[in-house]
Amino acid sequence: MSPARKSGRILLAEDDPRDVELTLQALSRHDLGSKVDVVSDGEQALDYLYRRGTWERRSAGHPAVVLLDLKMPKVDGLEVLRQVKRDEALQIIPVVVLTSSREERDVTASYDLGGNAYVVKPIHFNEFVDAVAELGAFWGLLNEAPPDGYRAAMAAPGRLRS
Amino acid sequence: MKARRQSRTGKRGRPAPRPARLPADFRLLIDNSPLLIWLSDSSNHCIYFNQRWLEFTGRSLAAELGDGWLEGVHPDDRDAVRLEDLRGFDSRIEFRLEYRLRHHDGTWRWILDQCTPRYDKRGRFVGYLGSCTDVTELRDAAANATRWQRRYEGALQASGWASYELDRAAHRMMWSAGIENLIGYAPQWLTDAAGWTNHVHPDDRDELRRQLDALLPGEASSTLRYRVRHRDGGYLWLEDRVSCAVEDGARRFVGFVSDVTERVRTEETLRRSEERFRLATDVVNGIVYAHDLDTDRVECSGRLLEELGIGQRDQVLDGATWLRTVHPDDRARVRAVVARGRGMAATLDATFRLVTRAGAVLHVYGRMQVIRDASEEPRRVIGFLVDVSGIRLAEEALRMSEERFRLAAEAVDGIVYEIDLRSGAVARTGRLLQRLGYGDSLAGTGQAWLELVHPDDRELSARRYASLLAGTSDTAQTEYRLRDAHGNYHHVLDRLLVMRNEAGAPERVIGCSLDISALKEAQQQVLDLNAELEQRVADRTAALRAANQELEAFTYSVSHDLRAPLRHVAGFADLLRSHLAGADATAQRYMETIIQATARMAEMIDKLLALSRVGRGEMHPAHVDLSELVSEVREELQPVVDGRPIDWRIGPLPTVRGDRALLRGALQNLLDNAVKFSAGRAPAVIEVSAAGDAREHEIVVRDNGAGFDMKYAGKLFGVFQRLHAPGEFEGTGIGLASVRRIISRHGGRVWAEGRPGAGAEFHFTLPATRED
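Read top to bottom, the protein sequences are chains A and B.
Using the working numbering, read the first sequence as starting at 1 and increasing by one per residue.
Using the working numbering, read the second sequence as starting at 163 and increasing by one per residue.
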């Protein structure tokens, strides 16, 4: 398969509008706000990725990164992650699991399914901004997929933060 | 010696001896002598016989030379001549021979032959000279005397006696012929005193010698007894009446001995019998008595006399004294028995009481017999008494024991039974029989009993019984259901004891059956209760599991759902703050407080979740080096320490078995506390040490910080319990609760000691493992 084209977009899958707003605020502080597409459940996230349903006509190319909440209606985040990482066409897309949970089983499941990073949403807004900005900076602003070593390095700070 | 014998007895093939050549005057001298004279050379050949000898025997010199002369000696004397010859020639001393030599008229004449050694001028032995006298007439006179002596000896011998003469100085002894009858040796073998002593039993020799030494001449004879060995090897007892006389200045003893072996044996037997008799009266603790009715003397013996206090064990009493020892209440009866006994021949017996001088009462059994004279007049009463107090006590004890046995059978509410295996007879008794409706006692065979056993239990019961009889064990126990007369079944516990004979074959079975129906019922109840309890435990466990799952779900949702709104408050408060940049200070302070409060709440939620994870998470036990763990934690605490001077005193710490992450958490909390609460000290001293034994390790974390009041020690480990105001020390009040949970999950204990201002000590224990 040819290297996936990149849309330069960031997909944020998050059902809670307040989190969406806070995340967008945080990303906009780093001028990434305009690059974000937001979906509010797992089904839409998959529709977005497969360019089907309401997202049928979106511009082609994979998002630079998917920020994926775990607890979502319809299809939850872990299911989305599972399908993405199982699909050869999609598995290249970096997925950062964004969650309120520090539960070990979630963290383990996320990494087992091939999640690239796991970030517990910090309570403190500033920390949250920093965390989101960091994620956006790594995957949103760069126009190519990070090398393997880089990805591994990114996985580590995510884990540490939990 | 041999040469002599050969020379005298002659030997075939020897050249004929030749007569000696004698000096003429010597020859003349001996040829004219009235005595019969012979000469021998140094090698003991007879080399000459004088004229008188040749005239006497009527033989030629040539015939007599060498051993030829022996042909004229009486055949019965030849051996004696030879024997005596040997001794004489060998020792080269003077000696005498007496033998019969044939006269030329054919009669035997007794010859006394005086033999004298001859020496030459230089003193060399050259042979013997014998000068012989015809003593036949003399001997005839002596023979007369000897005849008398023979008669005397014959009489002595016939009476079984023998006599002897002993010359101790010369070591000579002369026995009469009777000795041969006694000990099997002829007198001629007993001529030597030392030889005789050898025949005496070694144990008796010293005594014999001592007694002979003590015997003085002229005193009346002494009677000695000693053992002498018979020729056949056995010993016999000799009685020796010996007296002593002085003859020619030497003491000579004359003794008459007789065989008293039989008497000694009889005496010994009698002595033993008496001793047995005495021992027997001792053993039975009795008295043997003989009451002479004429003299009214009671000769009695027996140790019981001592016990009665009426004297020694051998005693002579009068009848009245004797009767006084009888218990006053029994005297009339005893008198009546004795009176009755005088009128009849049979033995009589009675049991009555004796009173000791000390007042104790003895039960005795007496048996007596009246001895009558020829005219049937009673003369004596012979009898014995035996102390039977012990036997009476035993009888009483047996009676009591049987009574107890009967009462016990009543008391246990069971059935006691006995089966005689030889006759098959069964005897049963016990109150349970009545309750079962089978009357006072139920006899019958074992088979009849088995019919009453519940069919399901019958086989096992019968098998147990059979294996008890066949086996080596003496006891068995079975449980079965037994049908009563109304057809209801009772649970019965049967214990059996088998009695065996010496060969091990079973003879009797003693058993006891107990009604354990109530017990069985109770047992069943317990079983039911247990089952119910187990069900309840299972239910509770399931409920608990459900509650746990619920709790897990709850903490999960807390983690998610509670945090989310909090995050939103915090997030939007922050956003709001940026909009309040121009607002007044009070509004901004309010804003700050909101943000801080949310942060604090978030922290508490995190800690609470951490605590719940400590309780729920799976343990991963491994060997954990506590020293290593402490240095890791110290490293991590550097930011908290923030350059403060802290005197760390870390002692040697053990390696324990536990979950590394959890233990790390516990140490983290404790050291963090220690650092935190010793903030005001310069320097702060934090000590970590270990002690313990084979069972457990005890770890102590000590600081010299703020300490605490022991009355709040119990609250320290509770959730959200804080002993210090938030302004004093930061903290959520969850750390020590986590520590407690971690340590208790490891099977340890945790406690704290402290005083306000004097520091705190936190102790925890961990079980020691064998690998440690």
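A hint or two may mislead.
What the hints assert, rightly or not - According to the in silico footprint, chain A covers these stretches of chain B (three or more CB under 8 Å from chain A): (1) 725 to 737; (2) 759 to 768.
As the list claims (entries may be wrong) - Restraint ranges, calculated between C-beta atoms of paired labels, are given here: (3) Glu56/A / Glu794/B: 23 to 29 Å; (4) Glu794/B / Arg29/A: 21 to 27 Å; (5) Glu798/B / Arg29/A: 45 to 51 Å; (6) Arg29/A / Thr931/B: 51 to 57 Å; (7) Gly880/B / Glu56/A: 56 to 62 Å.
To be verified - A short list of chain A residues far from chain B (calculated; beta carbon distances all over 10 Å): (8) Gln25; (9) Leu32; (10) Asp87; (11) Glu88; (12) Gly114; (13) Lys121; (14) Pro122.
These aren't lab readings, by the way, just hints derived from the structure by calculation.
Just so we're clear, the structure is a prediction, and the values are computed from it rather than from any experiment.
Quick reminder that beta carbons are idealized off the backbone N, C-alpha and C, glycines included.
Here is what the structure says about each hint:
no.: 1; hint: 725 to 737; in the structure: holds (count 11)
no.: 2; hint: 759 to 768; in the structure: holds (count 4)
no.: 3; hint: Glu56/A / Glu794/B: 23 to 29 Å; in the structure: violated, 55 Å
no.: 4; hint: Glu794/B / Arg29/A: 21 to 27 Å; in the structure: violated, 37 Å
no.: 5; hint: Glu798/B / Arg29/A: 45 to 51 Å; in the structure: violated, 32 Å
no.: 6; hint: Arg29/A / Thr931/B: 51 to 57 Å; in the structure: holds, 55 Å
no.: 7; hint: Gly880/B / Glu56/A: 56 to 62 Å; in the structure: holds, 59 Å
no.: 8; hint: Gln25; in the structure: violated, 6 Å
no.: 9; hint: Leu32; in the structure: holds, 17 Å
no.: 10; hint: Asp87; in the structure: holds, 27 Å
no.: 11; hint: Glu88; in the structure: holds, 32 Å
no.: 12; hint: Gly114; in the structure: holds, 22 Å
no.: 13; hint: Lys121; in the structure: violated, 6 Å
no.: 14; hint: Pro122; in the structure: violated, 8 Å
Consistency note: the structure conflicts with the earlier hints numbered 3, 4, 5, 8, 13 and 14.
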